[in-house]
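Visitor: With these hints in hand, go ahead and build the complete structure from the sequences.
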Amino acid sequence: MDGTTDQMRGKTMESTTLTPEKDDSSGIAGAIDRILDKGLVINADITVDVAGVELLGIKIRAALASFETAAKYGLEFPSGTNLETAAWKEAMIEKEECPQCGKRVEREELLNFACPWCGWESAKAKKRKKVGVRVEVQ
Amino acid sequence: MVILRPEETGLKQLLERILNKGVTIDTSVRIDLSSLDLLGAKAHIILASFKTAEKIGLDFPEGTNLNTPAWQNLTTNQPCPVCGMESRSKELKEKGCPWCGWNYRPDER
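First to last, the sequence lines map onto chains A and Z. Counting in the numbering used here, the first sequence runs from 625 upward without gaps. Counting in the numbering used here, the second sequence runs from 55 upward without gaps.
Derived from the structure by calculation, the hints contain no laboratory data. The beta-carbon is built from N, C-alpha and C at its ideal position, and this holds for glycine as well. Any given hint could be a false lead.
[To be verified] Here are a few chain A residues that sit away from chain Z, every Cβ distance over 12 Å (derived from the structure):
#	residue
1	Gly704
2	Ala710
3	Glu714
[Unchecked claim] Using 30 Å as the maximum straight-line C-alpha spacing, the simulated DSBU-like pairs for lysine-lysine come out as follows:
#	chain 1	residue 1	chain 2	residue 2
4	Z	Lys147	Z	Lys96
5	Z	Lys109	A	Lys662
6	A	Lys662	Z	Lys147
7	A	Lys662	Z	Lys144
8	Z	Lys144	A	Lys719
9	A	Lys754	Z	Lys144
10	Z	Lys109	A	Lys713
11	Z	Lys105	A	Lys662
12	A	Lys719	Z	Lys105
13	Z	Lys75	A	Lys727
14	Z	Lys147	A	Lys719
15	A	Lys751	Z	Lys109
Guide: Quick look at the structure:
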């Protein structure tokens, strides 16, 4: 028992307090996530001819993306999709993944202030804070 | 000091790299039977991420709205060489990365 508590004491505050971290998403889930986020274009032209006569021609123009990415890039949705719901409006807001916790946060907020989930601050936000402090001192 | 982007290996990075570069598959098959052209097939296939597709001018499916702000961001934004987060090219060059603070001319900041 004592050994474990000593160990706990020995650890710094940093390691015992909860620090949100992005999970290691280098596996297949991370890869799929990334592809759907970036969007994938598949274009193909296929022709088949028999005895010199063109018999069949296939032209494929396909785009593969997550709902959010599709909405952002203005891809056409199947007829009957209601694009007035709150979720679609939210999808149009530019978002970015927090580098620390991986949550998707509104880009402007993350860049200019901090991540509302884990408190991570960008260089721009830190710089801005510094300038703010200096102004207060003057 | 050399700073490299973390986790440059793995499936995720591999796929991202492949789609960033774009993949082209060009094939043609010809089947002859006693010097008679019997069957022929040609296929031109291209696979790329949206960004690359836009850059090299690929066709998008009919009905795609190419005037959304996201399309403009594709051409004006650039990833930071250190953290990989995207920001305006001009800002990145002149003021440094707003995300991680990287700047290739730190004395002028």
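Visitor: Compare the structure with each hint and give your call.
Guide: Right, here's what the structure says about each hint:
no., hint, result
1, Gly704, "holds, 14 Å"
2, Ala710, "holds, 19 Å"
3, Glu714, "holds, 15 Å"
4, Z:Lys147 x Z:Lys96, "violated, 45 Å"
5, Z:Lys109 x A:Lys662, "holds, 14 Å"
6, A:Lys662 x Z:Lys147, "holds, 24 Å"
7, A:Lys662 x Z:Lys144, "holds, 22 Å"
8, Z:Lys144 x A:Lys719, "holds, 20 Å"
9, A:Lys754 x Z:Lys144, "holds, 23 Å"
10, Z:Lys109 x A:Lys713, "holds, 27 Å"
11, Z:Lys105 x A:Lys662, "holds, 8 Å"
12, A:Lys719 x Z:Lys105, "holds, 17 Å"
13, Z:Lys75 x A:Lys727, "holds, 27 Å"
14, Z:Lys147 x A:Lys719, "holds, 22 Å"
15, A:Lys751 x Z:Lys109, "violated, 34 Å"
When each numbered hint is compared with the structure, violations occur for hints 4, 15.
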